[in-house]
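Protein chains in written order, with our numbering: chain B, 1 to 335; chain A, 336 to 670.
Some hints here could point you the wrong way.
[Said to hold, decoys possible] Covered by chain B, per the in silico footprint, the following chain A stretches (three or more residues, Cβ under 8 Å): (1) 368 to 378; (2) 461 to 475; (3) 501 to 508; (4) 602 to 615.
[Claimed, not checked] Partial selection, computed: residues in chain A whose CB lies under 8 Å from chain B: (5) P433; (6) S522; (7) S525.
By construction, these hints were calculated from the structure, which means they are not laboratory data. All values derive from a computational prediction rather than experimental measurement. From the three backbone atoms N, C-alpha and C, an ideal C-beta is built for every residue, glycine too.
Protein chains: 2
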Amino acid sequence: MGVKEFLRMSNGERDTSYAQNSFNRSVISTAKPILEKAIEDLVNEGLPSNVLTIADLGCAFGPNTFTVITTIKRKVEKMCNELGVKQPELQVFLNDLPGNDFNSTFKFFFKNYQQLEGERIGEDGKKCFIAGAPGSFYERLFPLNSLHLVHSCYSAHWLSRVPPGLTSEVGIPINRGKIYISNTSPSPVSKAYLEQFQEDFTSFIKLRSKELILNARMGLIEEEKLDSFNVPYYTASCEEIQEVIDKEGSFDTKQLVTFALDIGDKEETNMQVKGGKVAKNIRSVSEPLISHHFGHEIIEPLYEKFTRLVIDHMVKKLPIELVSIAITLQRKGWK
Amino acid sequence: MGVKEFLRMSNGERDTSYAQNSFNRSVISTAKPILEKAIEDLVNEGLPSNVLTIADLGCAFGPNTFTVITTIKRKVEKMCNELGVKQPELQVFLNDLPGNDFNSTFKFFFKNYQQLEGERIGEDGKKCFIAGAPGSFYERLFPLNSLHLVHSCYSAHWLSRVPPGLTSEVGIPINRGKIYISNTSPSPVSKAYLEQFQEDFTSFIKLRSKELILNARMGLIEEEKLDSFNVPYYTASCEEIQEVIDKEGSFDTKQLVTFALDIGDKEETNMQVKGGKVAKNIRSVSEPLISHHFGHEIIEPLYEKFTRLVIDHMVKKLPIELVSIAITLQRKGWK
C-alpha cells in the first residue's frame with residue numbers, strides 16, 4: 001500500500017500540530033543562503049519577462065512555506081532592482097499530498113499577504129499569486145516545461161511506500177519489534193530501505209526534470225539522520241543522494257552542503273520543558289502515521305513515554321542533533 | 336466591510352452542506368452546450384502546444400466544479416482528436432475565497448481522478464493538473480496574460496460588499512426590516528445595489544482581461560432572479576450585464592443565452608419532501624452569511640420557518656424558478 005492516502009503532518013492549530021512545532025523553521029533559516037544563491041544564479045542567467053513559476057514541494061502548512069516564499073520573493077526583487085530589470089510576477093504552487101491541510105495554509109497566507117507583498121500591494125497590485133497543488137511528488141504534478149524554480153525541504157526522505165522485502169518468504173516480518181532501521185536490524189532491512197529510496201528519488205528527479213524548463217533550479221534540503229522511529233522514510237547520505245542524481249542524468253549539482261542543528265531550544269534551561277518541546281516537534285510530524293497504523297488509543301501513552309525518554313536523554317546532556325543536506329540542482333540545458 | 340472574510344458556501348459533508356445540495360448541478364448541465372461551444376471556438380482558433388490554462392472562478396467545492404472541469408477536458412480531447420492535433424496538458428486553477436473548503440475539493444478530485452483522466456492515466460501519465468487558487472475575484476488572481484479559458488457559474492452576483500448608501504444621512508437604515516431589494520424597498524435601495532454591481536462587475540472583467548491572453552474565452556453563468564433573501568448579492572438583468580461589458584471594452588460577447596429552471600425536484604411528488612429539498616439548497620448557500628450576521632442561534636428556527644414557507648408555496652403549485660444567463664466573452668485581440 002502506498003502512503004499517499006494517509007501520510008500528512010498534524011493538522012490545524014492544536015498544541016501538538018505541525019504548524020505550532022516543526023523544527024523545519026531553523027532548518028529553513030540555516031539553508032536560506034543556499035536558496036538565495038540558487039535564485040541569484042537563476043536571475044543572473046536571465047529571467048522570463050512575464051511570470052516566474054515556483055513550486056514548494058511538500059509544503060505542509062503554517063509559517064514554514066510562507067517563510068520560504070517570502071525569502072524567494074525578496075531575493076528576486078532585490079536582484080531585479082540591482083540589475084535594473086523588470087520584476088516578473090510570481091506564480092507560486094504550494095504542493096503536498098491531498099490530505100494536507102491546505103485550508104489552514106491559504107488562511108495563513110491571506111492573513112499575512114501584506115507582509116509577503118511588502119509595500120507593493122495597493123500600488124500596482126499583487127505581484128505574487130498563490131495556488132495549492134495537491135498530489136504526490138512521485139507522480140507528475142505540473143505541465144511539461146512549466147517551472148522555473150523548485151524548492152523542497154524535508155520531504156523527499158518520505159518514501160512512496162513501506163519498502164517491500166521486509167517480510168521473509170514465508171511471511172514473517174524480518175525486522176520484528178522495530179518500525180525503522182535500527183542497530184539490531186538484519187542487513188536486508190537497510191538494503192530494502194535504500195533500494196526504495198533509490199527508486200523513489202530517481203522518479204522524483206525524473207518527473208521534476210520534465211516539469212522544469214531548461215536551466216531551471218531545484219533546491220532540495222534533506223534530513224540525513226534523526227535516529228528515532230519511522231516507517232516510509234529514509235535518511236540518505238550525501239553519497240547515496242549524489243549517486244541517484246548522477247545515474248538519472250537530468251541535473252547538474254550546483255551546491256551540496258551539510259549542516260548539523262541542535263534541535264533543543266537553546267534559550268530553555270529547564271530540561272523538562274526543553275525535552276517536552278523536542279518531543280512535541282517529533283509528535284507533530286509522526287502522529288498521523290503512527291495513529292493510522294497502531295490506532296488512536298495508543299497516542300497519548302506513547303508520546304508520554306517518548307517525552308520521558310527524550311527528557312532523560314537531555315538530562316544526560318546528550319545532544320539531539322539533526323544533520324541536514326542542502327542541494328541545488330540545475331536542469332541540464334544550454335550553458 | 337468587505338465580504339471576503341466571511342462569505343463562503345456551507346462546508347463539508349453535512350446534510351445541509353453545499354456539496355450535498357446546490358442546484359448549480361442542473362444549471363451546469365443546462366449550460367453545458369454553451370461551454371462546449373466556447374471551447375470549440377477556442378480550439379478552432381489554434382491551441383498552445385504545451386499547456387492550456389483554465390480557471391473556474393467561485394468553484395465552491397464538491398462535484399460541481401469537478402463536472403465543469405471534466406466537461407472541458409472531454410471537449411478539448413474530442414476536438415483535438417477530430418482535428419488530429421496534439422492534445423495540450425491542462426493546468427486547472429480552482430478559485431474561491433480563502434475561507435472555502437479547498438481540502439474537501441482536493442479530496443473529491445483525487446477520489447475521482449481516474450474518471451477525470453479517462454483511459455489516459457497510467458498510459459502516458461496525467462494530462463490534467465489541478466491547483467487551488469484562493470482569493471477574491473475582485474482582486475488579481477493570476478499573472479498577466481496567463482489564462483486561456485475562464486469559467487464562472489453563479490459567482491459574480493456576489494458583490495464585493497454590502498452597498499453603501501443603505502442608511503440615511505443621519506444613520507437610519509432606509510431598507511428597514513429587509514435584507515435585500517424587495518417590492519416595498521424605497522428606490523435608492525435598488526439604485527445602491529445596481530451601482531455596486533456595476534462597480535464590481537466592471538472590476539471583475541477588467542481584472543480578467545489582464546489575466547487572459549488575447550482571444551481567450553470567458554464563460555459566465557449568472558443568476559438573474561431568485562427572489563429570496565440576500566445581502567451582498569445582485570441578480571442583474573441581461574441589459575445591465577451587457578452595459579457593463581460594453582463600457583469596460585475589453586471583451587466581445589460571443590454567446591448570451593437566458594434559461595429558466597424549476598429548482599424543485601421533478602421526481603418528487605411529496606410536497607413536504609420537495610419543499611424541504613429546495614429549502615436545504617438555499618440554506619447551503621446562505622447559512623454562513625446569515626449566521627455571521629445574525630448569530631448561530633437563529634439558524635435552526637429561521638430555516639425551519641423558511642422550510643414551512645417554501646412548502647406552503649409549493650403546495651399552492653407556484654413555480655420556484657431560477658432564471659439564469661449564460662455568456663461567453665472573447666478577450667479582444669487579433670481576429
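We went through each hint and held it up to the structure:
no.: 1; hint: 368 to 378; result: violated (count 0)
no.: 2; hint: 461 to 475; result: holds (count 10)
no.: 3; hint: 501 to 508; result: violated (count 0)
no.: 4; hint: 602 to 615; result: violated (count 0)
no.: 5; hint: P433; result: holds (4 Å)
no.: 6; hint: S522; result: violated (35 Å)
no.: 7; hint: S525; result: violated (31 Å)
Figure legend: structure checked against the earlier numbered hints; hints not met, in rising order: 1, 3, 4, 6 and 7.
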